[in-house]
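Work the whole structure out from these sequences, hints included.
There are 2 protein chains.
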Amino acid sequence: MNIDMIRAAADRLAGHARYTPLLSSPFLDEVAGRRILVKPECLQHTGSFKFRGGWAALSALDPAQRARGVIAYSSGNHAQGVALAARMHDVRAVIVMPSDAPALKIANTRALGAEVVLYDRARESREDIGDGLATAHGLTLIRPYDEPQVIAGQGTCGLEIAADAKMCEIDEAEVLVCCGGGGLTSGIALACAADQPGLTVRPVEPECFDDVKRSLETGTIQNNDRRDGNICDAIFTPAPGDLTFPIMARLCGAGLTVSEDDCLRAMGLAFQRLKLVIEPGGAAALAAALFHGEHLTGDTVIATVTGGNVDRPMFTAALETLP
Amino acid sequence: MNIDMIRAAADRLAGHARYTPLLSSPFLDEVAGRRILVKPECLQHTGSFKFRGGWAALSALDPAQRARGVIAYSSGNHAQGVALAARMHDVRAVIVMPSDAPALKIANTRALGAEVVLYDRARESREDIGDGLATAHGLTLIRPYDEPQVIAGQGTCGLEIAADAKMCEIDEAEVLVCCGGGGLTSGIALACAADQPGLTVRPVEPECFDDVKRSLETGTIQNNDRRDGNICDAIFTPAPGDLTFPIMARLCGAGLTVSEDDCLRAMGLAFQRLKLVIEPGGAAALAAALFHGEHLTGDTVIATVTGGNVDRPMFTAALETLP
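In order, the protein sequences belong to chains A and B. At the far end of the first sequence sits residue 324, using this note's numbering, and the numbering has no gaps. At the far end of the second sequence sits residue 324, using this note's numbering, and the numbering has no gaps.
Everything labelled a hint here was simulated from the structure, so no lab data went into it. Treat the hints with care, since some could be wrong.
Where chains are identical, the list cannot tell them apart; a pair therefore holds if satisfied intra-copy or between any two copies.
With a Cα cut of at most 20 angstroms, we get these calculated SDA-like pairs of lysine to any residue [said to hold, decoys possible]: (1) K167 <-> S25; (2) K167 <-> Y20; (3) K167 <-> T201; (4) K167 <-> A195; (5) K167 <-> L23; (6) K167 <-> D196; (7) K167 <-> R8.
Okay, here's the thing in structure tokens:
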């Protein structure tokens with residue numbers, strides 16, 4: 002896993018993934034007490050950064066293998082990213098999704114042409130189901146984060162952050178990243194280390210699902226006991242990946258955590274001040290930037306918004322946090 | 002008024018205004034029956050394209066005149082655009098606003114450092130008030146649309162549309178623009194005519210406020226009798242401008258109209274599929290693209306989203322249009 006793989010992925014993604022702009026608002030700066038720049042990956046195809054990794058993985062397969070199709074397991078955003086990337090490559094996609102994923106995500110994944118297989122998050126292992134189907138049907142498994150080409154694809158987001166920070170003459174800043182298994186976080190960390198090394202990447206997780214934070218603190222991979230019971234469903238994972246953790250341990254600053262209420266309030270402010278629709282898990286980094294400045298340093302912070310696939314009732318709850 | 006003024010404005014705006022990306026969604030294409038590309042100026046500074054014109058006008062003033070300050074009248078978006086541009090130039094801004102403008106827009110304008118003077122939209126003339134204050138205090142009036150440098154600033158949005166269309170190999174398409182007095186519409190029309198002449202600009206207005214459509218049909222400036230009573234407050238104007246109308250008459254295709262319900266439904270779909278927050282008047286062009294395809298031609302349509310400054314109750318009403 003290295004920067005050359007990320008640059009190669011960027012070449013393959015050019016003209017297919019969106020280059021998202023850095024956004025800002027003087028009103029958010031006032032809340033945070035420093036300048037906040039927002040990388041809005043909710044504006045990426047399928048409403049999350051996951052399209053980058055999906056495209057990078059599919060486009061890296063040899064043609065014969067790709068033609069047999071791909072399989073993925075995902076709580077929703079990776080599902081949609083892989084589904085659309087597969088459709089654009091004109092190949093079959095089978096997606097293994099938890100039966101309690103937001104209805105919109107399941108429906109979208111189907112509408113993007115994928116075959117959806119549901120499983121019970123509490124009783125079954127998506128890894129086992131995915132491996133079984135892959136073997137039975139000759140499908141290539143695209144793991145959601147612990148997969149070199151997926152990390153490379155997510156890392157292209159970091160190349161854009163580094164380039165735009167350089168253009169804004171930001172030589173030192175913390176880059177907060179909503180973190181599940183660490184694919185995006187480790188990819189951005191590799192890209193920033195190569196292209197704008199004064200940027201320090203820090204993972205942000207929901208309280209009680211802070212496996213990456215604890216893993217970084219202890220230097221060894223830690224697990225989450227819980228698997229559900231928080232609105233940030235997009236960034237739940239049992240533990241950081243075997244590939245992503247060593248990269249994060251080498252390159253990232255300390256992890257941060259945010260509450261569910263922090264995420265809802267950040268979603269409300271993003272509606273009002275940035276005109277963005279963000280899902281709870283996608284708002285974690287922005288929430289940390291807005292409400293946990295005591296743990297940050299420097300005049301400027303860059304917050305990634307990782308997704309916007311939120312159901313109407315949840316978004317309404319976020320709007321209700323506004324005065 | 003010519004393309005050189007727009008290019009000069011683009012040079013002055015570089016690094017200050019945002020270059021907004023073209024967005025899309027396969028789900029919206031399906032609703033429309035053709036490809037829709039969306040130019041999301043709700044992501045511009047202050048949540049609307051008006052920042053472009055405000056910055057262009059302020060930056061074109063000679064320094065002594067600029068130092069005395071500026072005045073503007075506006076239902077809200079021009080107000081915020083001028084207010085932020087003035088603050089970034091470190092000069093005084095007085096804004097004349099209708100007392101029934103959305104509370105958020107009035108509050109934002111004040112928070113951006115402007116002095117706000119309220120007037121009664123039904124009984125008073127904002128032009129008279131603006132002229133009076135300008136004379137009394139030595140302020141330069143920045144008209145919302147019938148002002149060459151403002152048209153030039155809005156036209157920079159058209160340069161971006163033309164450049165991105167060219168990059169996507171779109172040589173012929175209709176460009177729908179939410180239209181009030183015609184500053185943005187005429188600016189985009191000039192830019193497209195110069196840089197990608199196969200793009201045809203068409204103004205979109207609310208039903209019963211279709212002065213531009215009727216003016217284009219008759220070849221002479223027509224007025225609106227009504228001044229309020231529609232949710233698209235951002236694009237109400239009594240008539241097209243003396244500067245903007247001849248440009249639109251020369252370069253634009255026929256006007257289109259949309260209902261309030263069309264706009265709310267477009268806002269709902271933009272929430273769900275584009276992760277954008279749009280105000281009713283800013284959704285008119287997207288609504289025409291989605292729901293009035295019978296009046297359009299070609300495989301691709303480009304819809305400008307002109308603003309996102311919407312109060313929570315109105316946005317909630319838009320969400321309620323979703324199934």
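Do the hints match the structure? See the list:
1. With identical chains, the CA atoms of K167 and S25 are at most 20 angstroms apart within one copy only, with a shortest distance of 16 angstroms there and 28 angstroms across copies.
2. Taking identical chains as interchangeable, the C-alpha atoms of K167 and Y20 lie at most 20 angstroms apart whether they share a chain (16 angstroms) or sit on different chains (17 angstroms).
3. For a Cα distance limit of 20 angstroms, the shortest separation of K167 from T201 inside one copy, 14 angstroms, qualifies, whereas the shortest one across copies, 37 angstroms, does not.
4. Taking the shortest alpha-carbon separations for K167 and A195, only the intra-copy value of 12 angstroms comes in at or below 20 angstroms, while the best inter-copy value is 32 angstroms.
5. For the identical chains of this complex, K167 and L23 are intra-copy neighbours only, at 12 angstroms inside a copy versus 23 angstroms across copies, given an alpha-carbon limit of 20 angstroms.
6. Taking CA atoms no more than 20 angstroms apart as the test, K167 paired with D196 passes inside one copy only; the shortest distance there is 9 angstroms, against 30 angstroms between copies.
7. Within a single copy, K167 and R8 get their C-alpha atoms as close as 17 angstroms, which meets the 20 angstroms cut-off; across copies the closest is 25 angstroms, which misses it.
Against the hints set out earlier in the document, no violation occurs for any number.
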